[in-house]
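Q: Note that the protein sequences, when read in sequence, are chains A and B. Each residue of the first sequence is one higher than the last, beginning at 1 in the numbering used here. Each residue of the second sequence is one higher than the last, beginning at 1 in the numbering used here.
For the record, the hints were derived by calculation from the structure and aren't laboratory data. None of the values given here were measured: they were computed from a predicted structure. Treat the hints loosely; a few may be bogus.
[What the hints assert, rightly or not] Listed below are the simulated EDC-like cross-link pairs for lysine to aspartate or glutamate, each with C-alpha atoms no more than 16 Å apart in a straight line: (1) A:Lys34 to A:Glu224; (2) A:Lys115 to B:Glu14; (3) A:Lys149 to A:Asp164; (4) B:Lys247 to B:Asp314; (5) A:Lys149 to B:Glu14; (6) A:Lys166 to A:Glu19; (7) B:Lys105 to A:Asp100; (8) A:Lys183 to A:Glu208; (9) A:Lys166 to A:Asp195; (10) A:Lys145 to B:Asp290; (11) A:Lys149 to A:Glu172; (12) A:Lys166 to A:Glu208.
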Amino acid sequence: MNTTSTVADVEARYGNSNEIVIQAHKLRKQYGRKVAVRDISFSIPKGRIVGLVGPNGAGKTSALKAMLGLAGFSGELSVLGLHPLHQRDELMKHIAFIADVATLPQWIRVRELIKLMASVHPMFSIDECRQYLSETKIRPGDKVKTLSKGMIVQLHLALVMAIDAKLLVLDEPTLGLDIMFRKRFYQHLLEEYFDGDRTIIITTHQIEEVEHILTDLIFIQDGEIVLHSDMDSMQQRYTELMVADEQLAAALALGPMHQRKVFGRHVLLFEDTDQAKLSQLGELHTPAVADLFVAIMSNPKTPSQTATRETA
Amino acid sequence: MIQLAQLPILVRREFWEHRWAFIYAPLIIAALALLLLIMGLFFAVEIDNAQLFTESAMREFASNSAAQKNSLMRIPLLGLIVNFTGIMQIVLFFYLVGALYDERKDRSILFWKSLPVSDSTTIASKLLTAGLVVPVVYMLVAAGLQLLFLLTVSGYALAADVPLWSTVWGPAGLPALWTNMLVAIPVQMLWILPLFGWFLLVSAFAPRLPWMIALAVPGLIGLFQNYFSLMERLRMADHNLWMLFIKRFADGVLPMSLNITDDLFKDTVMNSIINAFSISNTLARLGRLDMWIGVGVGLVLLYAAIRIRARATDK
Chain A
1 MNTTSTVADV EARYGNSNEI VIQAHKLRKQ YGRKVAVRDI SFSIPKGRIV
51 GLVGPNGAGK TSALKAMLGL AGFSGELSVL GLHPLHQRDE LMKHIAFIAD
101 VATLPQWIRV RELIKLMASV HPMFSIDECR QYLSETKIRP GDKVKTLSKG
151 MIVQLHLALV MAIDAKLLVL DEPTLGLDIM FRKRFYQHLL EEYFDGDRTI
201 IITTHQIEEV EHILTDLIFI QDGEIVLHSD MDSMQQRYTE LMVADEQLAA
251 ALALGPMHQR KVFGRHVLLF EDTDQAKLSQ LGELHTPAVA DLFVAIMSNP
301 KTPSQTATRE TA
Chain B
1 MIQLAQLPIL VRREFWEHRW AFIYAPLIIA ALALLLLIMG LFFAVEIDNA
51 QLFTESAMRE FASNSAAQKN SLMRIPLLGL IVNFTGIMQI VLFFYLVGAL
101 YDERKDRSIL FWKSLPVSDS TTIASKLLTA GLVVPVVYML VAAGLQLLFL
151 LTVSGYALAA DVPLWSTVWG PAGLPALWTN MLVAIPVQML WILPLFGWFL
201 LVSAFAPRLP WMIALAVPGL IGLFQNYFSL MERLRMADHN LWMLFIKRFA
251 DGVLPMSLNI TDDLFKDTVM NSIINAFSIS NTLARLGRLD MWIGVGVGLV
301 LLYAAIRIRA RATDK
């Protein structure tokens, strides 16, 4: 049974336009004989906040770099209707991204960076950037070299958020930041920056911090998409059941995709299973994305393995 | 496509990054030259015979023929330029081989590529910096130093009571000299284009040690050329790449060196050196075939550098 939602479903739910921001068909990236991205196809409509999740070396960064015109690829890929490699300079007018931590040049001063951005970027707002920076300890005369790791991330985020971009790509944006700033950042991202016209793609290992702001989720493993779903249908599709020892056998008979033990109780994860039946056996929960991730990644034979969302 | 409107800020960016090499270095050269001048004058006053610019020497100088005065006065003025061009060539070599390499090494290329600046605009800004803007800065400082030097000499001329114009400013011929320095800069850029293109290309692809690759490749090719030529015909190769490379580098239209030899002060030798740096000679370079072959080679190398930068990432 194919339970993945189609774009039409999602549009019906979110009422969004059918504008596609990213469209990939058989996207492939190879380093020598090592395949990093394996002929993946997907599309991301406008107005989404997509979490791209996968273990280290799964191909997340390779896929992102292809979308940002930072690396060659084969297959078809269009971002905002543009070819990322051939039309990179045009594309960059509408995209803001942090490709990795610590990529700001060490020698530059904060005020020089702002001046440069304002001069070459048509969508950059000096006022907004200063506004973000005023909430930090970063001063205009500081050299990047003299800033702490966390401050460099703050600076980069301020630069990127001051761009009126159609697509924002954040690859591990909060690495090295303290919990206070991380919370505030994501809050701000959702309330101030995200406006429904923008699309945001986030990769992070601290998935529990972002799951409440995501609208869509893509799991990637060994260069392939193992799950691409919007959050709502995902919550309908997966159910977590907490059972005591007595009910375990009955629950296992229903074929859970994953099983773990928490404080002496069994936590079973079910896919597409009758909720009424499950509720008779124990407590039902919506699974956390991190738990779902572990379950799907350690369960190579689940049917969701091939569940990618294709658009016509 | 090169976005011309972005070039000024991108060139400023290069100066922010290389403040020492582009601004402080010529000022330090000027300060050192000035120090030497002051020390020379100081010692000249101390030992009161056979000095350069004491009053009696000044009067002796003034008694030379006009042609001799012209030549003698231009030696130190050109010598001052050579101080700057020599250092500038080395500075620009290391700047260009690092221009597209350092950004890959420190991974800042990921940030630069997040800006709406095309690869051709980026490379154009670096070429413009090395070919025009830095030479203008160095030549401005050199011109300032020439002026200081002439003012000092004028002081001595006044003390020696010799006519200022026919002794100092006339023979110096500053307007012609400065015009030539200005005209020589773009001509020099065209002349050196194949080398600059090569340096940028190496900078774009070198996995490490770009300066070594930039020198080793033409060096080794030249070595092999000579080796096979010697084996075959018992003589050196005709168009040895390494020799062409060195000649491009050393034989610019800006004075790169003054071949000061023992017979310098024989009129013919001196005049040939002095006259080599003239507007007509500078412009004559534009009529030479090897100049335009070099420009063609330079453009091909630059195009290759742009293509490689388009695919370049941090690893």
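Q: Confirm or reject each hint.
A: Hint check results:
| no. | hint | result |
| --- | --- | --- |
| 1 | A:Lys34 to A:Glu224 | holds, 14 Å |
| 2 | A:Lys115 to B:Glu14 | holds, 14 Å |
| 3 | A:Lys149 to A:Asp164 | violated, 25 Å |
| 4 | B:Lys247 to B:Asp314 | violated, 35 Å |
| 5 | A:Lys149 to B:Glu14 | violated, 25 Å |
| 6 | A:Lys166 to A:Glu19 | holds, 12 Å |
| 7 | B:Lys105 to A:Asp100 | holds, 14 Å |
| 8 | A:Lys183 to A:Glu208 | holds, 11 Å |
| 9 | A:Lys166 to A:Asp195 | holds, 10 Å |
| 10 | A:Lys145 to B:Asp290 | violated, 45 Å |
| 11 | A:Lys149 to A:Glu172 | holds, 14 Å |
| 12 | A:Lys166 to A:Glu208 | violated, 25 Å |
Hints 3, 4, 5, 10, 12 from the earlier list are contradicted by this structure; the remaining hints agree with it.
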